[in-house]
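2 protein chains.
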Amino acid sequence: MFEAAELGHSIDKETFRREVPALREALLEVQFDLARRKQFPVIVLVGGVEGAGKGETVNTLNEWLDPRQVETTAFSAPSDEERERPPMWRYWRALPAKGKIGIFFGSWYSDPILSRVEGGKSKATLEQALSDILRFERMLADEGVLLLKFWFHLSKPQQKKRLRALEKDKLTRWRVGPQDWQRYRRYDRFRSVSEAVLERTSTGHAPWIVVDGSDERYRSLLVGKTILQGLRKRLANGAAEPNGLSGILAPSIDTANVLDALDLTAALGQQDYARELERWQGRLNAAARTGGFAKRGAVVVFEGHDAAGKGGAIRRIAAALDARFYRVVPIAAPTDEERAQPYLWRFWRHLPRLGHIAIFDRSWYGRVLVERVEGFAAEADWLRAYAEINEFEAEMTRHGLVMVKFWLAISKQEQFRRFKEREATGFKRFKLTAEDWRNRKKWGVYARAVHDMVERTNTAAAPWTLVEANDKNHARIKVLRTLTQRLEAVK
Amino acid sequence: MFEAAELGHSIDKETFRREVPALREALLEVQFDLARRKQFPVIVLVGGVEGAGKGETVNTLNEWLDPRQVETTAFSAPSDEERERPPMWRYWRALPAKGKIGIFFGSWYSDPILSRVEGGKSKATLEQALSDILRFERMLADEGVLLLKFWFHLSKPQQKKRLRALEKDKLTRWRVGPQDWQRYRRYDRFRSVSEAVLERTSTGHAPWIVVDGSDERYRSLLVGKTILQGLRKRLANGAAEPNGLSGILAPSIDTANVLDALDLTAALGQQDYARELERWQGRLNAAARTGGFAKRGAVVVFEGHDAAGKGGAIRRIAAALDARFYRVVPIAAPTDEERAQPYLWRFWRHLPRLGHIAIFDRSWYGRVLVERVEGFAAEADWLRAYAEINEFEAEMTRHGLVMVKFWLAISKQEQFRRFKEREATGFKRFKLTAEDWRNRKKWGVYARAVHDMVERTNTAAAPWTLVEANDKNHARIKVLRTLTQRLEAVK
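For the record, the sequence lines run as chains A and B.
Just so you know, the first sequence maps onto residues 26 to 516 in the numbering used here.
Just so you know, the second sequence maps onto residues 26 to 516 in the numbering used here.
Excised from the complex, chain A in its bound form (with noise of 0.2 Å):
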């Protein structure tokens, strides 16, 4: 969840001079009407890591909002009166009304996360407190609340460094105290559940959007613009959508995307492309074979840009397998009797059994890529799909299956010279379609929507791997060396 906020994203001093300007207008614009209507709340949510900017972007908003129709409560130790409330009391008390803004500095997930980290409760309590954050949230959304809900993040240097720069400075010195160096500490187990956390509550209708804290620039406009955002789809919506079931994805502020933070030019020669096919091979073929594995299974997604090498990939893992223990799975167009079913029927049914693997070439993913971009789904289903998704891939990995997921990605030059290539080698030409140019005409957008997947699909059980694909060897080895790694790590 979290890689997609580690990509340096930043805005020039330039751009945010330029655009805050018309923001804020425009925010104050939409919450005239807003508070005018009165057709619901919103809640604005911010929570994250320790200096990642949360308290600097409440004091943002509160500058750029009417300060009239928001409420900024922030929560910390419950009063007396709260800790002798049930524990939701707190956050009842503090509901905005039709018409306002409240922005929730902490909130109902604070507890459960911490409690987690620091405070020795078990897992099992942890969903328990989940579940009934879902259940709320499902009724804040049946009852027309507006929920954003941000998550500031930080990498673990980044965070170090950006304490260090708080200490270092006499007026935030006193910001910084033991507590947040012994934070600091437990990093990796905070992001840990703070992860799993978001992976289980990022629904359809109140998503979590990820914010990079780190360039305080980025993390303003990208809050407001989000802000922004909703306010204005749920205002055209107006009484067409009185239960804001469908959630919103944090808009594009500037280039930064997954995609871009490859280096596709690694590369690997044909001589060391034979000996570690050979090796990789090998090791995945005996991977396969242990006692271990054959009490597990795996599923293995291919999903990737046009003409980006998929069935290479492939094919290079399958002669490494025995064939009764694995099967391709192309994914085209559904069937009639498959769109009689709920959209994931047809992936459930090409489940492997135990010691099995199932590769899919192209996958359930298409509901948020080639369904998205092209509108074959309806915005509400497929943004409650991410949720759905997480939810599919967690049954698999619960039962026991690895689940490794690969994007395979090229160059929108490379793209063009394997299609000429393709269109000038006889028995490659059947590979290429209109549709393929059509495609390629939606980069961009189909860029943002794989950068959207990465974002939110990305999780700790089952991960994407992106794989530099315009030299083919490289994106080869890649994928075999990283299929076999999990396989070898099955106990």
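It is worth saying that the hints were derived from the structure and are not from the lab.
One or more of the hints may lead you astray.
Given that identical chains are not distinguished, each listed pair holds provided it fits within a single copy or across any two copies.
[What the hints assert, rightly or not] Result set (DMTMM-like, lysine to aspartate or glutamate): computed pairs, CA atoms no more than 25 Å apart in a straight line:
{"#": "1", "residue 1": "148", "residue 2": "162"}
{"#": "2", "residue 1": "258", "residue 2": "44"}
{"#": "3", "residue 1": "146", "residue 2": "157"}
{"#": "4", "residue 1": "146", "residue 2": "416"}
{"#": "5", "residue 1": "250", "residue 2": "361"}
{"#": "6", "residue 1": "148", "residue 2": "136"}
{"#": "7", "residue 1": "148", "residue 2": "416"}
{"#": "8", "residue 1": "125", "residue 2": "88"}
{"#": "9", "residue 1": "146", "residue 2": "460"}
{"#": "10", "residue 1": "466", "residue 2": "439"}
With chain A fixed as given, assemble chain B onto it according to the hints.
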């Protein structure tokens, strides 16, 4: 949840013979419409106790419905193939296609309940399973599936009788094995676990319909009519409600009502009343002053027919308590401020501190009583309120609050007498409004709403006490005694 199914519902032979042909015709008709339009699939889920007629009802349905559009799947022990996939796989593969009806005999509820009752699995494991089920059913609803969940119930004596009867008959003897008697011996545990499961999973979009399994004609007719009603409602809404988010209530097919089961002649002479009043007020006072209670607190809810004597009963409680530690909260129409908040907000704000008692003169149940009957709330909103109320009360009881809920019941004649008396008595006249007379005209509709309310919200931790209130003395003492005993039970 089960009390309403223990009223001894029954349908006489004559009525059954008369109604079945029309029901069958109507079922075939909607089924035809469903198959033709292919807009959504229907799942009829059948669960419950042994011997409550689940199998017979499934057979009856198969007889009544067009078999070409129905697929019945009985889930017993999973097959090899199923065991080697994630637990939900077997249900996914059995999902009916759009336009079809799938009858699930046994379901995703069976294993979580049985592993808790018999398999020694922990409460946390059950909670996790329920949380997964809630997501799964939400996904089904989002995908448009109409899910009708029937729970077949028998009281313990009824189950014993039924198993004995089956054993006696040569033709059915084979159906009762040692396992059934073993389960019978675990009846109480099974009942309490399944009650908790039903409470938690009876959502607005997929509520449980509890079926009194003791009368064959009743249960067949109820299930048939519920399916008919559910299908008609969805087909009427068509594309307008693609998400199928609003569930249904079981239709009322006989006159049995929780209120009719009360003996309203119960009365207490003036001398007995005086003695009992002193006794219970004394004990109540003591119970509210213990150290144990100081760490808890209580919420007392009064609902009842107009002029049933809520005020008088509340005053008898108040007289026994220290004014610093209780508060009477009269609930009238919501204020503007309250209307601008989620429905339950105006009740949350009045929750008592530890050691305190809040007495609600009318309550959150207004949503499923007056708001339902008068159409102040949309159907989807009051239908989801049952689950939200159960959750609200569960949050209170988990926090330690003792929840005591009273319904004060009088007969229609007695109400008339009291209305007339109020009209005649100067200082009581203000208590009678035109609205009271209006409500009275809807006596039957209110009775139905009360019945549904008790069925859906009579939970183990927050049970209803129905009070026969034609005689005020009897009513006041029953209220005092019930409240006192609940507080005395606090450790």
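Hint check results:
1. With identical chains, the CA atoms of residue 148 and residue 162 are at most 25 Å apart both within one copy (21 Å) and between copies (24 Å).
2. Taking identical chains as interchangeable, the C-alpha atoms of residue 258 and residue 44 lie at most 25 Å apart only when both belong to the same chain, with a minimum of 20 Å there against 50 Å between chains.
3. With identical chains, the CA atoms of residue 146 and residue 157 are at most 25 Å apart both within one copy (16 Å) and between copies (21 Å).
4. Proximity of residue 146 to residue 416 under the C-alpha cut-off of 25 Å is found in both arrangements, the shortest distances being 23 Å within a copy and 23 Å between copies.
5. Within a single copy, residue 250 and residue 361 get their C-alpha atoms no closer than 41 Å, and across copies no closer than 31 Å, so neither meets the 25 Å cut-off.
6. With identical chains, the CA atoms of residue 148 and residue 136 are at most 25 Å apart both within one copy (13 Å) and between copies (22 Å).
7. With identical chains, the CA atoms of residue 148 and residue 416 are at most 25 Å apart both within one copy (17 Å) and between copies (22 Å).
8. Taking identical chains as interchangeable, the C-alpha atoms of residue 125 and residue 88 lie at most 25 Å apart only when both belong to the same chain, with a minimum of 16 Å there against 57 Å between chains.
9. For the identical chains of this complex, residue 146 and residue 460 are neighbours neither inside a copy (53 Å) nor across copies (53 Å), given an alpha-carbon limit of 25 Å.
10. For the homomeric pair residue 466 and residue 439, the shortest alpha-carbon distance inside one copy (14 Å) is at most 25 Å, but the shortest distance between copies (78 Å) is not.
Comparing the model with each earlier hint shows violations of hints 5 and 9; every other hint is respected.
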